[in-house]
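Trainee: If you want the building blocks of each chain, they are given just below.
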Amino acid sequence: MAEPNAQDGGVPDAGPGRLAKGISDFFRSPAAAIGFVTLIVICCLALFAPWISPQNPYDLMQLDIMDGRLPPGSESMTGLVYHLGTDSQGRDILSGILYGLRTSLIVGVLSAFAAAIIGTTAGLFAAYMGKRTETVIMRLVDLQLSFPTILMALMMLAILGKGVTNVVIALIIAEWATYARTVRGTALVEREKEYIEAARMLRLPGWRILFKHLLPNCLAPVIVIATMQVARAIGLEATLSFLGLGASVTEPSLGMLISTGYQYLLTGLYWISFFPGIALLVTIVAINLVGDRLRDVLNPRNMS
Amino acid sequence: MVTSIIRRLIQALFVIVAMTIIVFIGVSVIGNPVDILINPDANQAERARVIAHYGLDQPLWKQYLLFLQGLLQGDFGNSFVYGRPALGLIMERLPATLELAITALGIAIVFGLPLGLYAGLYPNRVSSKLIMSGSILGFSLPTFWVGLMLIMVFSVELGWLPTNGRGPTAELLGAQWSFLTGEGLRHLLLPAFNLALFKTSLIMRLTRAGVQEVLPQDYVKFARAKGLRERRVIAVHVLKNLMIPVVTIIGLEFGSLIAFSVVTESIFAWPGMGKLIIDSINLLDRPVIVAYLMMMVLLFVVLNFIIDICYTILDPRIRLDAKA
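Line order of the protein sequences matches chains A and B.
Under the numbering used here, the letters of the first sequence match residues -5 to 298, in that order.
Under the numbering used here, the letters of the second sequence match residues -7 to 316, in that order.
What the hints contain is simulated information worked out from the structure, not anything from laboratory work.
Because the structure is a prediction, the values reported are computed rather than measured.
Some hints here could point you the wrong way.
[Claimed, not checked] Here are the simulated distance ranges between beta carbons: (1) A:L198 <-> B:S119: 52 to 62 Å; (2) A:P44 <-> B:S125: 33 to 43 Å; (3) B:L122 <-> A:D290: 37 to 47 Å; (4) A:L139 <-> B:L129: 22 to 32 Å; (5) A:L182 <-> B:Y211: 47 to 57 Å; (6) B:E222 <-> A:C37: 44 to 54 Å; (7) B:L52 <-> A:L139: 46 to 56 Å.
Glycine included, each C-beta is placed from N, C-alpha and C at the ideal position.
Hey, can you work out the whole structure from these sequences and the hints?
Mentor: See below:
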């Protein structure tokens, strides 16, 4: 790629300038901009759910079983309007979605973040240490990656038992290997570069070279994978909850809401499953759009 | 060639051994094997008998050897729920899952390959862009939710297709198959499409990326310069070189289809292995869980092995590498 910044005489931009360029690059794609804005809105909705949702869906005292399975737009005895209808427990679907989004986002971000830390550290160590350490770590990675995520997650849940916490653990265990492989690949290239050699000449301690020199230069792919992984984790959590292995019935996540609506679907009560699914879909698409664009912008081949 | 096959075989065995250790540690050390192996309703004498039978009073390494021995004999114990050998239960359900996965794979290839090829050959057409946007949607749509929507539209609203089960089956090669009867085929349609959706997008994107990588190559330009007909260039020069990544993915994805059929089978009440494992996890039917996990490990190792061999046959460069 040609260096577009001609005024500096071809000298690459300093940090802040490059960041600004990256940001303006990112928003040049309308799809990514829409995805980003949607994502911000979703995060705000999830964050402020207790204040904006008409009802606390986890508080059984607020639920009225008499209001069960009302279609969208119905009104309760107390004058509360169920814009998206209610589920079999008389839970307002809109409130359920807002609270469910919280669970989904927390599970997604937490598991992707933890897996990123574990995987990145493992990948860096493998690349930097080489020899035995590298062989052991990479064998483990290969072993893990030869099985699909859902199988690893099922395996973990079969061993650990059901529950949201265990879903997070299962997702971390199922996803760390992707980071490790990518980071090792990047780090192997970076390791050979002059600045690492210079740092070694200065006799800087190993951990310092690893985390202060090597790590920052391997972060771009990690950010991209982590973004995509949040979307995947949200989808997987919903899937596992749908299968009855994740969230509990009293504190439903989006997957659980969809699952409770499943049995009513056949009788034509579509809204219990339909709207939470739309919320899930919008969230995942928004994250994927952002991730897709990040990959283009952060791709070293496109960077000056 | 032979040495590389032997090396692969050793690696495959290594993976299997590693996974048996993981599963063993999972069920015997993290979980409580007494709870796992003994039906909670069992009486004291029954408990003592099972503990002795599975050697739970033995040291851990001996237990592992016993576990391996059971594995080699295909003995995973009896299912608590069905009271029958766990492995037998799974083998009974295997044809249903295989049928579903193979049909889904077929659908994914039939739709994914031509659409990806088209989008790769004419990247600037509006239709290509639509195809690619569709594939992003296919990636993002949660499979289980799509399944529900398919049921809602095609079964509840339109009433065209049945919602659950395999329908009537017919026997072939000692197993029951749905696709042999018309009614069974109708039952197969929705679940297979549901399962195929994600893979169709994947194959589409992969094919497109492959086409765009191959098209600028010199041999394609040369073939065109030679005046070969476009059809021949695409069929011979482009498609043949696409096959390596596509075959790998198709092979790998077949395994993942079987794993993912867990979701589809649960939605459409398809009586395959996936539904069995979810029911077993929910009912804590551990012998079936262990048997299923080990079956899947074996399946994936065998699949990876076959893919590796196909690789070597398809790509002479890898063959030569192995020799060097």
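Trainee: Are the hints correct? Go through all of them and say.
Mentor: These are the hints, each one checked on the structure:
Distance hint check for A:L198 and B:S119: the Cβ-Cβ separation is about 56 Å, which falls inside the suggested range of 52 to 62 Å. Against the hinted window of 33 to 43 Å, the Cβ-Cβ separation of A:P44 and B:S125 comes to about 36 Å, which satisfies the hint. Between B:L122 and A:D290 the beta carbons are some 20 Å apart, a value that contradicts the proposed interval 37 to 47 Å. At roughly 26 Å, the beta-carbon separation of A:L139 and B:L129 lies within the given 22 to 32 Å, and the hint holds.
The hinted range of 47 to 57 Å is not satisfied by A:L182 and B:Y211, whose Cβ atoms lie roughly 31 Å apart. At about 49 Å, the beta-carbon gap between B:E222 and A:C37 stays in the expected band of 44 to 54 Å. Roughly 29 Å separates the CB atoms of B:L52 and A:L139, a value that falls outside the hinted 46 to 56 Å.
In summary, the structure is inconsistent with hints 3, 5, 7 from the numbered list given earlier, while agreeing with the others.
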